[in-house]
Structures are given as C-alpha cells and as structure tokens.
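Mind docking chain L on chain D? Use the hints.
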Amino acid sequence: MAARSMGRRLKPSGGYELFMWYFMRISGLALVFLAVGHLFIMHILNNVETINYAFVASRWTAPRTGWIWRLWDVSLISLAVIHGFNGLREILYEYLTSGGRIIAGTLTWALTFLFIGAGAYSILMFQPDEAHIKAHPLKIEKTTDPMSGSLELDPHLNVDVRC
Amino acid sequence: MSQTLRAPQAYQGGRISRIIDGLRYGGGLGQWSWLAHRLSGLGILFFLVIHISDTFMVVFAPDWYDHTVAIYGGIWFNGQYYWPLRWAFRVAELGLIASVVFHAVNGVGVILYDLWPKGSLYRKPILAVVQVIFWGIMLVTTPIVLYPLRKAPDKMADVQADAPVTPIIDPVIK
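Going down the list, the protein sequences come from chains D and L. Be aware that the first sequence starts at 1, since it is given in our numbering, and climbs by one per residue. Be aware that the second sequence starts at 1001, since it is given in our numbering, and climbs by one per residue.
Calculated from the structure, these hints are not laboratory results. Hints are supplied without guarantee of correctness; some may be wrong.
[What the hints assert, rightly or not] Okay, derived cross-link-like pairs now, DSSO-like style, lysine-lysine, Cα gap no bigger than 27 Å in a straight line:
| id | chain 1 | residue 1 | chain 2 | residue 2 |
| --- | --- | --- | --- | --- |
| 1 | L | Lys1118 | D | Lys11 |
| 2 | D | Lys139 | L | Lys1151 |
| 3 | L | Lys1124 | D | Lys11 |
Just chain D, with the same shape it has in the complex (with noise of 0.2 Å):
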C-alpha cells in the first residue's frame, strides 16, 4: 500500500524546519567522511590504549600537518554537534507539544553552543605542555621510516607517520 509505506516521511514544507532537514542531509555525508575517518584513525590505525596527552600534542602541533588535523577536529566537532542536538530536538518535538517544544528547542540549541564552544576552545586554544610530555611521552612505537628524520630530537612532534 503506497499510501502506508510513503506517507509517514515527511518534508518539512519550508522556513526552518526546512532549512535543518537539508542540513541533516548536507552535514550527514560531511559527517560520513570526517566522523568515519576519525574512528578509523583513532581506533583501527592507532589504538584507545597508545592515546595520552603527548599522542593530542603531536597531533595538534605537528610542524606541517598541524593546522590539518586542528581544522577537521574543528569541523567535525561543529558539525557533529549540530547534527547531533538537532536530532535529539527533532526526537523530543515528536513527542512534545508548543510548551514542552520551545524548551527542548531553546535547551538542545544551548548545548549546542555550549559543546561547539568547548570543543572549538580546547583544540584552537590549544598548547603544548613540554615538561608534561617529557614526563609521559608517547606510547606508540618509535618507527624506522626514514622521512621522519627529526624523530629522535623531537619525538613527540612525529605521529603524524601515523595519523
């Protein structure tokens, strides 16, 4: 039945609602590249136990691919947030009504800022404590690749081998 199986999705006829379901859509296959492409770093290519404080320095800090990790950590954690909270104020309107709905709507937009604000701080105001990563270096192993010449006076400015 046609009528059954199509008539419960529903596109929003205009104005804001219609706005953030292309968003959902637009930041959706963003999403599909920068989310996916952190797991796969973070957790196939490198591994939960081998991160600490020295692991997020190199990355943030490396000399030429620095900025490059900074700028995908900033849009991915914008984006993710966005997509995320409106979700979840998507969910809360099904199952709310006008007065419950401003709530939900002005709370989830409010931690929206929130998270995007301490995200974004943490990775661009982000500095290198020195004395902390010689005191606990990085856990990964020390590679043999022989472009990463300056391994051995600055090895914490050298994951970028491998992330």
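For chain L alone, coordinates are given in the frame of chain D:
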C-alpha cells in the same frame, strides 16, 4: 453477561500512547532501520558529549586527561590495572564504532531515498544494501578491535608514573 464499556487505551492520547505510536512506523526492515538509526544517533550524541568534555581537559589539566584516557585502557586512578574495566570499554568502543558505521551507511541510504529522484522506488533494495555494507564492515572491524584483548597490555607503565600507590599487578593471565 455484563461488560463495562471503557475507552480503549490507544485512543487516550496520553504520553505513553504517543511514545508507542512514535515507535510504530511502517513495519519490516524499514521500521527497524529507522529505530536503529534513531537509537544509534542518540548513543553517538551521548558519547560525543562525554568525548568533548574529556578532551576539554587537554587545555588546562594534562594530568587529568592522561588519567581519564588511561581508564579507557583499564587503568584506574590509583594506577592499578583492572581487566574487566578494559574489556567493558573495548566492548563499548565496538558499540560506538557499530553505531557510527550504521548511522553513516543508513544515513546515506536515507539521503538517497529523499534526494535521489528514483530513491523512493528503490527503498527496499537500498535497505538491503545498507545491511550488507554494515555487516561487511563490522565483520572486518570486530576482530581488529577485540584482538588486543587476547593479552594484557604491555605499555601501561606511563600513566602510573606519578600515581601514588601500588605497582601494576596483572590479574588477567600468566
């Protein structure tokens, strides 16, 4: 035989019936994909909130960050290694990966359905292909994620360097 007449539950329109109604979508694979998409999305959002909060520590407390991430590897704040902690976080990690992969693959399916002009004609094939891709990826990923659990980690010496108590005792094997 007398019977008291009363309004059927479903017609009352209260909160419970609205929730039940929200769970009734279209039936079949479409309904379960929709439900899994929704639940995986909520799960990823929950993780995202935790993940942004723990990474926030890198700017003001590197020590706290290292200790927090060490918990994911099974090392508690006292520097002690507890294998059930590590196993729990590994399985949760696999759940996170499965959620993201499903949400991504099924999300592309939803985009095809909504934006590709012929998408609605191929709803069921799309759902089937989503299942194949999802299970294909998980079949490869699951062993990779769980493989390190076969033995206790050998590189946990770093974090407990400044932890106050007890050397690491390995309760798992050997």
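Now for the hints, and whether the structure bears them out:
1. L:Lys1118 to D:Lys11: 16 Å, holds
2. D:Lys139 to L:Lys1151: Holds, at roughly 17 Å.
3. L:Lys1124 to D:Lys11: Status holds; Cα separation ~20 Å.
In summary, the structure agrees with every hint in the numbered list given earlier.
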